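Trainee: Read top to bottom, the protein sequences are chains A and B. First residue of the first sequence: 1, per our numbering; consecutive thereafter. First residue of the second sequence: 1, per our numbering; consecutive thereafter.
It is possible that some hints are incorrect.
Claimed, not checked - Take a look, some chain B residues computed to stay more than 10 Å from chain A by CB distance: (1) H3; (2) L7; (3) A10; (4) I16; (5) E33; (6) N42; (7) A45; (8) F63; (9) E71; (10) I76; (11) I80; (12) T88; (13) I91; (14) M97.
As the list claims (entries may be wrong) - Sample of chain B residues at the chain A side, in silico, Cβ under 10 Å: (15) T21; (16) R23; (17) E56; (18) T96.
To be verified - To spell it out: a stretch of chain A is covered by chain B in this simulated footprint if at least three of its residues, at any positions, have a beta carbon under 8 Å from a beta carbon of chain B; those stretches are: (19) 600-611; (20) 615-626.
By construction, these hints were calculated from the structure, which means they are not laboratory data. All values derive from a computational prediction rather than experimental measurement. Cβ coordinates follow ideal geometry from the N, Cα and C atoms, glycine included.
Single-letter residue listing:
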Amino acid sequence: MAMNLSILVLILPFLTFVGLAFFGKRLSGITAGIIGSISTGIISLIAAFIAFNYWVMSDGKSTMILFNFPWLTFNEHLAINMGLLLDSLSIMMVAVVTFVSFMVHLYSIEYLKGEERYGSYFAYLSLFTFSMLGLVLSVNIFQIYVFWELVGVSSFLLIGFYYQRPSAVAAAKKAFIVTRFADLGFLVGILILSFEAKTLDIPMLIERLSSPDTLTSGNIKMHMVGGLSVISIAMFLIFIGGAGKSAMFPLHIWLPDAMEGPTPVSALIHAATMVVAGVYLVARLFPVYFVLTPEVLHIISWVGIISALLAALIACTQTDIKRVLAYSTISQIGYMMFSLGITAYSHGETLGYTASLFHLFTHAFFKALLFLAAGVIIHAVHSNEVAQMGGLRKSLPTTHIAFLLATLAISGIPPLSGFFSKEAILTATHHANPVIFWLAVIGSSLTTFYMFRLYYLIFWNKPAEHHRHHEHALFSIPLIILTLGTLLNGFIPFGQFISVGLEKVQISFELGMAAVPVGGSLLAILLATLWYAKSTSYPDKFVSLLKNFYRWTYRKFYFDELYQFVTHKIIFNLIGRPIAWFDRNIVDGTMNAMAWGSMYFSQAIKRIQSGNVQSYTMYFLGGVIILLSILLYAYGYNLIN
Amino acid sequence: MLHILILSTALFFIGIYGFFTRRNLITMLISIELILNSVNINFVAFNKYLYPQQLEGIFFNIFIIAIAAAEVSLAIAIIINLYRKFNTIDIEDTNTMKH
């Protein structure tokens, strides 16, 4: 019964979107923001109620499919259904998405005040909330794809919200095109999978492709291509879609640019919810990956750890506050990805799965908090550059505390939430693959270093300003609530709630295990304090020591330039130009030749039309005589006989 | 019958000749009437000598006369309008409808 309320979670934001899209312009002041906030407030209450019912009132292990109806029926075996899938994973995601969305809505009421397109902004936010919830509640992998694209569209609209700025327009296009390319892989993967498994329904897909009975009974035939099973290829293609959305290496280039959007949008879409859709996708199909295609999980873990390290390195050199946070998001999602991936190395142990989703859960809170705090700072300083900041600890006290706690959380300092989730990931990794474990520890220290560098550059580094900036209540309240979440979330026994099978997972901590990353983080904090707490010359000296490497990192390892080269020089010149030439000269040329031919022919014969009636009659008579003689010649003997 | 056919053929070609050589629209119209009348004579002659018990040829005759009257009225109307526009009914001068 309570679960039937879940349909409201989708309907309410959709109605809000439609209403605000049509009438948002007529609403005065902050009405649109209040409507949007009330709607998301209600759905976050519903989500909390559903979660309470699911885990506390019942056993928290059942999978429910509600409102399931066939939407497109191809044949008797294959149909695309629309419906709601409620299990531990989707309910956890719904709770996170609605909660962060509610916080961001509250915050946006004040942050966006005075914008010309205030109503449209909240309409887009509602559209995003609707599509994201639709995505996590999808019962069918094709339904996921539909909402996946809707999420992409709303992200595009919100990145390009300041459409007068050319950089925002370019960033919106970049985000859309890069994820589009990845989604192509996703779509092809879905089609192959539907062909191989004869279903698109997620529970049925998982049952057919991962339970040992059906696999050995031979109902699913494994087609092989070049030593790989077709299903592996399909699952890899689906992962490419997820990697694009989650900004994994080498498709990460769109996320830092996406920071052109309003800061609350970055908090909601590009930190807490949409970018973890890729993690959600892999987690959703996890049993298939785990049982059938562990080789894809190997790829996933390496992609994850490379993204995590690369993004952490780049984040150390960036000076735009939102870009640092964006790279840190890529890095943290990398952690979630490789945590899913390393289960393939761990001989049947699935701690990595729970750890990954635990990190997703805690990360959503502290990263949204970091972004919202960054929004307050940007609002006060009117700049994104850290060089314009410094010494803000007295002028923005609430933000200072919130930012510090979130920084400690992302650094994995106990007893904040980030410690628990990152520790779970590292424990799982240590059991599975020592190489990735040590790389992850290095990444974690780097994370601490760049986050504290950012913290010091914003709040210290210069003598404290005593001029107190106004921190609006609508800024402080979400910050405080999210700070509480950051403080307390780690104590949730997450393994009791979310695990692969039916048995619960105990997330255990070993003191020796925890000592290494926490020690690394403490060292990194010490280093950052020495270098950045006051304006010192150490960073410059270090930079001149590693001149070339610093330049490479500062320019983000030239990935943008690489893509620019590949698209403009190679694709445009070698593929685009010949095709354009063919179109212009062969296709258009044929049409033009036909037109020119008819024109010259008519020019040549138009003299005949003299306007002289008698010459027309002459032609007519001549024609009649010719026809008559032909007829007489052909059939004349009939007349004679 | 032969004489009648010779007469109608002569009339027909006189009409054709007149149509091609005259420059005056009224004379051209008269030539067309000659052609029509030669056809009429043909109809009557064939009806009388080949199928004397039938009347189709004569009916056709009546139709042709009626249509010719309508055609003449139309043609005269066109000619009058042409005259109003060009102040002439010479076919050489009214050749503006060309390429």
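Trainee: Hint by hint, say whether it matches the structure.
Mentor: Cross-check of the supplied hints:
The Cβ of H3(B) lies farther than 10 Å from every Cβ of chain A, with a closest approach of about 23 Å, so its non-interface assignment holds. Every Cβ of chain A is farther than 10 Å from the Cβ of L7(B); the closest lies at roughly 22 Å, confirming the non-interface assignment. Distance check on A10(B): its Cβ is at least 18 Å (rounded) from any Cβ of chain A, clearing the 10 Å threshold; non-interface status holds. Distance to chain A contradicts I16(B) as a non-interface residue, since its nearest Cβ pair spans about 7 Å, not more than 10 Å.
At the 10 Å boundary, the C-beta of E33(B) stays outside the reach of chain A, the nearest C-beta of that chain being 16 Å off. Listed as a non-interface residue, N42(B) keeps its Cβ farther than 10 Å from every Cβ of chain A; the least gap is roughly 16 Å. The Cβ of A45(B) lies farther than 10 Å from every Cβ of chain A, with a closest approach of about 19 Å, so its non-interface assignment holds. In this structure F63(B) is separated from chain A by more than 10 Å, as the shortest Cβ-Cβ distance comes to about 22 Å.
Every C-beta of chain A lies more than 10 Å from that of E71(B), the closest at about 15 Å, which supports listing it as non-interface. With a least CB separation of 16 Å from chain A, I76(B) remains clear of the 10 Å interface cut-off, as annotated. The beta carbon of I80(B) is kept farther than 10 Å from every beta carbon of chain A, the shortest such distance being approximately 17 Å. Interface exclusion of T88(B) from chain A stands, the closest Cβ pair being 14 Å apart, more than 10 Å.
Distance check for I91(B) against chain A: the nearest CB is about 6 Å away, which does not clear 10 Å, and the non-interface claim fails. Not every CB of chain A lies more than 10 Å from the CB of M97(B), the least distance being 5 Å, so the non-interface label is violated. A least Cβ separation of about 9 Å between T21(B) and chain A falls short of the 10 Å threshold, and the interface hint therefore holds. At a threshold of 10 Å, the smallest CB-CB gap from R23(B) to chain A is about 8 Å, leaving the interface hint in force.
The beta carbon of E56(B) is not positioned within 10 Å of any beta carbon in chain A (closest approach about 21 Å), and the interface hint is therefore violated. At about 6 Å, the closest approach between the beta carbon of T96(B) and any beta carbon in chain A falls short of 10 Å, and the interface hint on this residue holds. Only residues whose C-beta sits within less than 8 Å of a C-beta in chain B count toward coverage, and the segment 600-611 of chain A has 5 of them, enough to reach three; the restraint holds. Under the rule that three or more residues need a Cβ within less than 8 Å of chain B, the assignment of the segment 615-626 of chain A holds, with 3 such residues.
The earlier numbered hints that this structure contradicts are 4, 13, 14 and 17.
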